[in-house]
Amino acid sequence: MSSTSEIIVEDSPGKRVLLMGNEAIARGAIEAGVRVAASYPGTPASEILETLAAAAPKLGFYAEWSVNEKVAFEVAAGAAITGVRSITSMKNAGLNWVMDMFMTLVYGGVRGGFLIAVADDPDAHYSSNEQDTRFAAHYAEIPCLEPSDAQEAKDMARYAFELSEQIELPVFLRSVTRISHASGDVELGKIEKRDRKPVFDKHWKMPWRWDVYGPPSAVEKHRWLHGQMPKIKKIVEGLPWNRLDLHEGQSVGVIASGIGASYALDAIKLLGLEGRVAFLKIGTPTPLPEKLVEKLLKSVTNVLVVEEGEPLVELLVKALAKDANPAVKIMGRFTGDMPPVGEINIDIVAKAISKLTGKELPSDPQLEKVREEVKKLVVPRSSTLCAGCPHLGTYWALKRALSKFGGKVPIVNGDIGCYEQGGYGIAGKEYKPSFSTESVHYKIEAPYETLDTNYIMGGGIGLMQGEFRAGYGDGPLVAVAGDSTFFHACMPAVANAVVNKAKGVFLVLDNSWTAMTGHQPDPVTGVTAMGEKTKTLCIEDVARALGVEFIRVSDSFDVRATQEAIEEALKSDKFAIVVSRRVCTLQAMRLKQYTRKKMFLEKDTCTGCRLCVSLGCPAITFNTEENKAGIDPIICVGCGICAQVCPVGAIKVGE
Amino acid sequence: MTELNLIIAGVGGQGSILASHMVAMAAIREGLRARVGETFGAAMRGGAVASHVRIGKGVNAPLIPRGGADIVLAMEPLEGLRNVVSFLRKGGLLLTNTHEWLPVDVNIGRANYPSLQSIKEAVEQLGGRMIAIDGTSLAQQAGDVRTLNVVMLGALAATGKLPISTETLKQIIMENVPRKTVEMNMRAFELGFNSLK
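From first to last, the protein sequence lines stand for chains A and B. Heads up, the first sequence is in the UniProt record's numbering, so the first residue is 1 and it goes up one at a time. Heads up, the second sequence is in the UniProt record's numbering, so the first residue is 1 and it goes up one at a time.
It cannot be assumed that every hint is accurate.
Each computed DSS-like pair below joins lysine-lysine, with the alpha-carbon atoms no more than 30 Å apart [as the list claims (entries may be wrong)]:
id, chain 1, residue 1, chain 2, residue 2
1, A, Lys190, B, Lys161
2, B, Lys161, A, Lys15
3, B, Lys180, A, Lys15
4, A, Lys597, B, Lys197
5, A, Lys359, B, Lys57
6, B, Lys161, A, Lys369
7, A, Lys269, B, Lys57
8, A, Lys404, A, Lys190
9, A, Lys355, B, Lys161
10, A, Lys533, B, Lys57
Computed beta-carbon distance windows for the label pairs [what the hints assert, rightly or not]:
id, chain 1, residue 1, chain 2, residue 2, range
11, A, His222, B, Gly58, 12 to 22 Å
12, B, Ala132, A, Thr607, 42 to 52 Å
13, B, Ser165, A, Met589, 46 to 56 Å
14, B, Lys161, A, Glu274, 25 to 35 Å
15, B, Ile131, A, Leu367, 18 to 28 Å
16, A, Gly518, B, Ser165, 25 to 35 Å
17, B, Pro178, A, Glu532, 15 to 25 Å
18, B, Ala132, A, Lys592, 51 to 61 Å
19, A, Thr534, B, Ala132, 23 to 33 Å
What the hints contain is simulated information worked out from the structure, not anything from laboratory work. Just so we're clear, the structure is a prediction, and the values are computed from it rather than from any experiment. Each residue gets a CB set at the ideal place from its N, CA and C atoms; glycine is no exception.
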């Protein structure tokens, strides 16, 4: 038996194993002797800390799920200031929360190695945007490492700590979904045992090193930061992940960074162009290995830049070309040869290399035509909440409560978590833009049409207050958020609503876990990342302490009670909070806190009204020929919400 | 065989990702290079999931190019078709479970689920071949519907198209499923394997 969690802590250098990119980053940190790890869950980055947290008790280091990314960043930075090695990890959007500390910490840097590992999400598979965080590393003037596969992810993460200590600055590692959530064979390295004593010296190598306000000034510390760059540039020039493969007779070249290098290598193979294209593999998009870039630019006439995200390398290469070889033609996103949005793949890169080299792509137009024809058979599969999800009950109750306001136009402000699916819409349905000058009422056909706005963690509760301040009066104002989100980003907005006398209903969907990212504990769970029991914070207690006067708590599985609580809140003339509570069913089943029950649908009683179908539970089916609803016995967990929804009592809960 | 491009598709919760990892682990144990790329939406359960498995000496990227899959292994027919249309190569194989997991879009009357016959015809139009087995029933027969992924791996092994020995694959499965379920999973593997004989 050798599961991945056991392999991760095994000190067996040379062993080849399958690791997910995130596990590889964690393993790199473990090999480097990391002492403190802190993060907030966010796909596609969560498994970095999950892996570290599972390893921490076995290897004797510390790992935590912090309340948000900013706190996580500070926990890791504080550890690095005392000279030990630390890592913070987050998803793309998480970095936005840490920018304040990030931009300022670099003025004094760190003493122990500090790795900032960020997983971007081109194509927004799991994110609200496609932001390219490599620019943040550039902005902060620290080096960015960008792996092309799981092996490099592991090796770079390990090396990052050494580099960080050498330059006394944090080091940035930029992953993407196709690294973080892809797996590959990785050769393990040695696990370094580091038993450093944390130390503190406030004038270490620089007066007032850890206090940007300390004399001489922040400007002097900024000067110091600038002064590190020549040293960094010299180091990256010699790193093994920056490699130029250039031979005589090659007139065109490809510069490929991170995962782009893997796509480019496969595309070159697909085109049968091995050895015929000069190849510069980039492992540090910022700062670039400038000498290698210049050498390539001076040797070829045309260059294609392949990178995932925005054109950072392309921009920097263009700047270098001005002096190195102004005549060289640079293809990439600026020339439209790489797509402006979405993620790249072998096909996209092959097409661009085909244009670069004039070598035609193998194609079968007849088969492509058949593919387009056959595609019409494929129907969408909209993302849904799980069978038995407490949010299904809460959203049904909310829909019913809002329907009491007739044709009015409520605004339901969304937030980030499983319940954000309340705004995913229905893939099989066509939505058309409206150009109305008045508020428009839309029917909610499934819970996936409930949310009207959604952007970022904690965003909804703030937006609701703006809508109220604008004087919006065409319908009720609601904001929803989950338990983890409440602590992450909603508390300041709640305090704001109270002291500035805003009105509206804040519906907190408390399922006890950060469920969407894979059930990490949060402040209401009562357990830490390392599995220790801890205090459980209570959302209504916090709301009360923040001065909220109208608070109701309901059980999400009790649809009527939840509906009544929301109705009462909507009628209240105060800022109101409703906590709809029920442990995530998936997690409850896993922890043996929930026993599956069987549901029965009496076909004779069913009138085919489809009300149960509009509950949006994936276990409820509908047979159009019979005009009857059905329950998929494999998917159904027997939560009983649909039985409360059925107007004729056709659905019954069994044993 | 120098390279194998395999897609394992299904609905979130059907175990297709674990299945893909187990195939890749078996490949690595036999000294091959492996890549797995997962594609799935934000949802934990119920969403369309596909894992790209690439085995061979020269593989770099974790995703299979268009028309580059030798085999699509599907835990659910619609998800098989979804991947076949873009990825199955001429002469490729769709090995699918017959049990349908209806999308909410179909349940609310916004889309029609394609029949198994129409899926078969589509695969054949693309120059491929389809094998369909009732993997869900076999998994229930093995003792738990959650062994579906192992039933399908058994069937996959029986095609003889994997560049990995069946013994290595079985060994990897034993190491990666919960200890208490090893026996049941081995039963599931055999049921899947024999369904193709």
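Structure-based check of all given hints:
1. Distance check on the hinted pair: A/Lys190 and B/Lys161 sit about 37 Å apart at the alpha-carbon level, beyond 30 Å; violated.
2. With a C-alpha separation of about 27 Å, the suggested pairing of B/Lys161 with A/Lys15 holds against the 30 Å cut-off.
3. A threshold of 30 Å between alpha carbons decides the hint, and for B/Lys180 with A/Lys15 the separation of about 27 Å falls inside it, so the pair holds.
4. At roughly 37 Å between alpha-carbon atoms, A/Lys597 and B/Lys197 are farther apart than 30 Å, so this suggested pair is violated.
5. The straight-line distance between the Cα atoms of A/Lys359 and B/Lys57 is roughly 24 Å, inside the 30 Å bound, and the hint therefore holds.
6. For the proposed pair B/Lys161 and A/Lys369, the alpha carbon gap of about 28 Å is at most 30 Å, so the pair holds.
7. The hinted pair formed by A/Lys269 and B/Lys57 meets the criterion: a straight-line CA distance of about 13 Å does not exceed 30 Å.
8. Note on A/Lys404 and A/Lys190: the hinted pairing is violated, with a Cα-Cα distance of about 65 Å set against a maximum of 30 Å.
9. For the suggested pair A/Lys355 and B/Lys161, the alpha carbons sit about 35 Å apart, so the restraint of at most 30 Å is broken.
10. Simply put, A/Lys533 and B/Lys57 have alpha-carbon atoms about 47 Å apart, too far for the 30 Å limit, and the pair is violated.
11. Range check, A/His222 to B/Gly58: Cβ separation about 47 Å, and the 12 to 22 Å hint is violated.
12. Restraint check, B/Ala132 to A/Thr607: a C-beta distance of roughly 35 Å breaks the suggested window 42 to 52 Å.
13. The given range of 46 to 56 Å is broken by B/Ser165 and A/Met589, whose C-beta atoms sit roughly 36 Å from each other.
14. Checking the proposed 25 to 35 Å range against B/Lys161 and A/Glu274 shows it holds: the Cβ atoms sit about 27 Å from each other.
15. Distance hint for B/Ile131 and A/Leu367: a CB-CB separation of about 21 Å, consistent with the stated range 18 to 28 Å.
16. Hint check: A/Gly518 to B/Ser165, Cβ distance near 33 Å, so the stated range 25 to 35 Å holds.
17. The given range of 15 to 25 Å is respected by B/Pro178 and A/Glu532, whose C-beta atoms sit roughly 24 Å from each other.
18. A hinted range of 51 to 61 Å is violated for the C-beta pair B/Ala132 and A/Lys592, which are about 36 Å apart.
19. Checked against the given bound of 23 to 33 Å, the beta carbons of A/Thr534 and B/Ala132, roughly 50 Å apart, lie outside it.
Violated hints for the displayed structure, listed by number in ascending order: 1, 4, 8, 9, 10, 11, 12, 13, 18, 19.
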